[in-house]
Amino acid sequence: MAIPLTWYLILAAALFCIGFYGVLARRNAVPILMGVELMLNAVNINFLAFWRYVRPEEPVGQVFAIFVLAVAAAEAAVGLALIISIYRTRKTINVDRIDLLKG
Amino acid sequence: MNAFEIIRWLSPELILLITGFVVLSVDLAMRRRDEGRTAAVIALIGLAVALVMSVLLVLNNPATIVASTFAVDPYATFFKVLAIIGASLVILSSMHFMRGKSLYLGEYYALLVFVTLAVSVAVSATNLMLVYVGIEFLSITSYILTGFLRNNRRSEEAAIKYFLYGASAGAVMLYGISLVYGATGTTDLVAVSELMKTTGGANHLLGIAAIVLLLGGFGFKASLVPFHQWAPDTYDGAPTPVTAFLATVSKAAGFAVAGRVFIMAFPHFTTDWMAIMGSLAILTMTVGNLTALKQTSVKRMLAYSSIAQAGYIVLGLAAYNPDGQTFTGLNGLLIYLFAYLFTNIGAFFVVLAVEKHAGSSDFSTFKGLAKRAPGLALLMTLFLLSLTGIPPTGGFLGKFYVFAAVVDRGLLILAAIAAVNAVIAAFYYLNVIRLMFFQESEDERPLTVSAGLNFSLVLSAIMVLAIGILAQPFITWAVDSVLMVSKRGF
Chain A
1 MAIPLTWYLI LAAALFCIGF YGVLARRNAV PILMGVELML NAVNINFLAF
51 WRYVRPEEPV GQVFAIFVLA VAAAEAAVGL ALIISIYRTR KTINVDRIDL
101 LKG
Chain B
1 MNAFEIIRWL SPELILLITG FVVLSVDLAM RRRDEGRTAA VIALIGLAVA
51 LVMSVLLVLN NPATIVASTF AVDPYATFFK VLAIIGASLV ILSSMHFMRG
101 KSLYLGEYYA LLVFVTLAVS VAVSATNLML VYVGIEFLSI TSYILTGFLR
151 NNRRSEEAAI KYFLYGASAG AVMLYGISLV YGATGTTDLV AVSELMKTTG
201 GANHLLGIAA IVLLLGGFGF KASLVPFHQW APDTYDGAPT PVTAFLATVS
251 KAAGFAVAGR VFIMAFPHFT TDWMAIMGSL AILTMTVGNL TALKQTSVKR
301 MLAYSSIAQA GYIVLGLAAY NPDGQTFTGL NGLLIYLFAY LFTNIGAFFV
351 VLAVEKHAGS SDFSTFKGLA KRAPGLALLM TLFLLSLTGI PPTGGFLGKF
401 YVFAAVVDRG LLILAAIAAV NAVIAAFYYL NVIRLMFFQE SEDERPLTVS
451 AGLNFSLVLS AIMVLAIGIL AQPFITWAVD SVLMVSKRGF
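Chains as they are written, first to last, in my numbering: chain A, 1 to 103; chain B, 1 to 490.
Chain A on its own, in the form it takes in the complex (with noise of 0.2 Å):
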């Protein structure tokens, strides 16, 4: 076993952070969507690398992870259609123009 877990969880812990660092960051919807993938294939790292050092004998991790990328599926058909949506009223998907409500 050449590359031991910790380097899975740095890469996992890593591209997390860039992907959090995206939601917080970006002001058009779409990149912030794609933080937000990008976070949650983060932890699909973690979850197979969990599973084959931790107990490779149940596929738990692996199931998980096939979870995960179906939420995030449904997740982002409903997130582009709203921002669809948008920018049909209002010519933008900039969050920061998305004001009406506040207070």
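Worth flagging that the hints you see were computed from the coordinates, not collected in a lab. Certain hints may be false.
Stated by the list, open to error - Some chain B residues close to chain A (C-beta under 8 Å, calculated; not the full set):
hint, residue
1, Glu157
2, Ala159
3, Ala171
4, Gln229
5, Asp233
Every residue gets a Cβ at the ideal spot worked out from N, C-alpha and C, and that includes glycine.
The hints should help you fit chain B onto chain A, whose structure is shown.
Structure of chain B alone, referenced to chain A:
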């Protein structure tokens, strides 16, 4: 356990699933001729059958089914009953309110049935995998419902804000779940509790990190500060029946899942998560109440008030005491949520009636409501008094049970802060009563209320009073419902 047995255990969920699809097909067959009325009636019948089935199941011995991921126990049943009643009231009130606002009302009612299904899956889950899927199912259906009025700018803005916060919160929660899985190699709540013991320093830190990350997801659903930023805008912009649903049933689901996961999977971390819940309670109550004070629209004020209410509810977990005689904290949480369901749904429904009439819910539209619609003003007064926590309403009983649990645990500072907050809250609740009864209205048109809305308003009012006056059966039910979870065994 044979297939027939499993179908029987899962019957409430299966009925909800089938009802949802039947509603969709009927809507297709009707070609939107009757503005979703048939769809709504079928949805209500399906919900009623599911309610009966879940009550019947609670008479059996509790069990976990489907590879012990799904618990059919009194705790889950309590929240299923709560969710089904909440959804039925929301459908009843929508039948008039949503008419003419959307072309796709059949889908709206189908989504309300599916969101109820999501709640009943989430509250039954005893495996982190099903917890995650249940919560995300609930979130995704809620996003669609929030943005259902596609040509309404406020509704779609509410939905996109809810979606962006929700998707990130879900990912954070998932990271927490992956840490739990990494530490134990399992996602089953009972197995996790056996493997996550506070043996070493590193393991302890990992447990705390997992709890905090999980709270990102549960706190988001329950709108606890600092995960609340979406709540005011979403509650304000969403169609009002959906707001009523999000502020009660969806919030209750967040608390139910948080309670089950923390109590069943992290019993060795009880002091840690109690402290975290205590600080969240203080933050949530204070931020919610202080911001509610300066609102100028009743709907938005109720949005902030329901954040503040989440702060009182989480006191039940902050003062959790499995060995408590009368007050275990968790039973207070259940009583509070049940009373809060009818109180807050009622309050939002009054807003809905005024909004349908006046086109907005600014403070000015409530002026002189007592003259134009005395019944509505009286009901609103009852709901506001219950939110304030004045006897003999259900809100008082809920507050009494959580505050008593806090005092019982000796957390006197927490109790004092909660009491101060309850006084601040009284100020803005009573302000609305002042507007309704002691101010002159500019608008003299009498206000009419549809039959469905009238029925749900009166039913909510009766339940608010019943919980407050005939308290005993509700207390017994809540106490019985939490026994199983506290013992963590089947």
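Each hint, compared with the structure:
1. Contact between Glu157 (chain B) and chain A, as hinted, is supported at the beta carbon level, the nearest pair being about 5 Å apart and thus within 8 Å.
2. For Ala159 (chain B), the shortest C-beta to C-beta distance to chain A is roughly 5 Å, which falls under 8 Å, so the interface hint holds.
3. With 8 Å as the threshold, the beta carbon of Ala171 (chain B) comes within range of chain A, its nearest partner Cβ sitting at about 4 Å, so the hint holds.
4. For the restraint placing Gln229 (chain B) at the interface with chain A, the shortest Cβ-Cβ distance is roughly 11 Å, beyond the 8 Å limit, so the hint is violated.
5. Taken as an interface hint, Asp233 (chain B) checks out: its beta carbon lies about 4 Å from the nearest beta carbon of chain A, inside 8 Å.
Violated hint: 4 only; the structure is consistent with all others.
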